[in-house]
Amino acid sequence: MLIRSNLKKLIEPKGLSVRKVARDINYRLGSVQDMYNDQMERYPRELLTKLCVYLECNIGDLLVLDEEKTTEE
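Heads up, the sequence shown is in UniProt numbering, so the first residue is 1 and it goes up one at a time.
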């Protein structure tokens with residue numbers, strides 16, 4: 001099992017760019033891009049909080065447990 005970011009699926013239907021999201025939540029673009037591309041190893045609490053508030057979602061919408069993937073892949 002592996003926790004993965006669902007950010008891409010949350011912002012694309014809204015027509016938002018990663019750059020706009022990063023600017024709107026006042027967070028470093030590189031970190032938001034890493035989360036968008038599901039390349040983060042650690043999820044900063046501040047980033048998760050800002051994204052949940054901005055997207056009006058719960059943490060379970062933003063991060064999902066992928067039961068098929070493993071950390072060895």
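Any given hint might turn out to be false.
Using 20 Å as the maximum straight-line C-alpha spacing, the simulated DMTMM-like pairs for lysine to aspartate or glutamate come out as follows [as the list claims (entries may be wrong)]:
{"id": "1", "residue 1": "K14", "residue 2": "D66"}
{"id": "2", "residue 1": "K8", "residue 2": "D66"}
{"id": "3", "residue 1": "K8", "residue 2": "D38"}
{"id": "4", "residue 1": "K50", "residue 2": "E68"}
{"id": "5", "residue 1": "K14", "residue 2": "E68"}
{"id": "6", "residue 1": "K50", "residue 2": "E12"}
{"id": "7", "residue 1": "K9", "residue 2": "D24"}
{"id": "8", "residue 1": "K14", "residue 2": "D38"}
{"id": "9", "residue 1": "K50", "residue 2": "E67"}
{"id": "10", "residue 1": "K14", "residue 2": "D24"}
{"id": "11", "residue 1": "K9", "residue 2": "D61"}
{"id": "12", "residue 1": "K14", "residue 2": "E56"}
{"id": "13", "residue 1": "K8", "residue 2": "E56"}
{"id": "14", "residue 1": "K9", "residue 2": "D34"}
{"id": "15", "residue 1": "K8", "residue 2": "D61"}
{"id": "16", "residue 1": "K20", "residue 2": "E68"}
{"id": "17", "residue 1": "K8", "residue 2": "D24"}
{"id": "18", "residue 1": "K9", "residue 2": "D66"}
{"id": "19", "residue 1": "K20", "residue 2": "E67"}
{"id": "20", "residue 1": "K20", "residue 2": "E46"}
{"id": "21", "residue 1": "K50", "residue 2": "D66"}
{"id": "22", "residue 1": "K9", "residue 2": "D38"}
{"id": "23", "residue 1": "K14", "residue 2": "E41"}
{"id": "24", "residue 1": "K9", "residue 2": "E68"}
{"id": "25", "residue 1": "K8", "residue 2": "E67"}
{"id": "26", "residue 1": "K14", "residue 2": "E67"}
{"id": "27", "residue 1": "K50", "residue 2": "D38"}
{"id": "28", "residue 1": "K20", "residue 2": "D38"}
{"id": "29", "residue 1": "K9", "residue 2": "E56"}
{"id": "30", "residue 1": "K50", "residue 2": "D34"}
{"id": "31", "residue 1": "K8", "residue 2": "E41"}
Simulated from the structure, these hints should not be mistaken for lab results.
Bear in mind that the values here come from a model prediction, so they are computed numbers and not experimental data.
Structure-based check of all given hints:
| no. | hint | verdict |
| --- | --- | --- |
| 1 | K14 x D66 | 24 Å, violated |
| 2 | K8 x D66 | 15 Å, holds |
| 3 | K8 x D38 | 8 Å, holds |
| 4 | K50 x E68 | 28 Å, violated |
| 5 | K14 x E68 | 28 Å, violated |
| 6 | K50 x E12 | 18 Å, holds |
| 7 | K9 x D24 | 18 Å, holds |
| 8 | K14 x D38 | 19 Å, holds |
| 9 | K50 x E67 | 26 Å, violated |
| 10 | K14 x D24 | 14 Å, holds |
| 11 | K9 x D61 | 10 Å, holds |
| 12 | K14 x E56 | 12 Å, holds |
| 13 | K8 x E56 | 15 Å, holds |
| 14 | K9 x D34 | 14 Å, holds |
| 15 | K8 x D61 | 11 Å, holds |
| 16 | K20 x E68 | 32 Å, violated |
| 17 | K8 x D24 | 16 Å, holds |
| 18 | K9 x D66 | 14 Å, holds |
| 19 | K20 x E67 | 31 Å, violated |
| 20 | K20 x E46 | 17 Å, holds |
| 21 | K50 x D66 | 23 Å, violated |
| 22 | K9 x D38 | 11 Å, holds |
| 23 | K14 x E41 | 26 Å, violated |
| 24 | K9 x E68 | 18 Å, holds |
| 25 | K8 x E67 | 19 Å, holds |
| 26 | K14 x E67 | 27 Å, violated |
| 27 | K50 x D38 | 17 Å, holds |
| 28 | K20 x D38 | 18 Å, holds |
| 29 | K9 x E56 | 14 Å, holds |
| 30 | K50 x D34 | 15 Å, holds |
| 31 | K8 x E41 | 16 Å, holds |
Consistency with the previously given hints fails for numbers 1, 4, 5, 9, 16, 19, 21, 23 and 26, ordered from lowest to highest.
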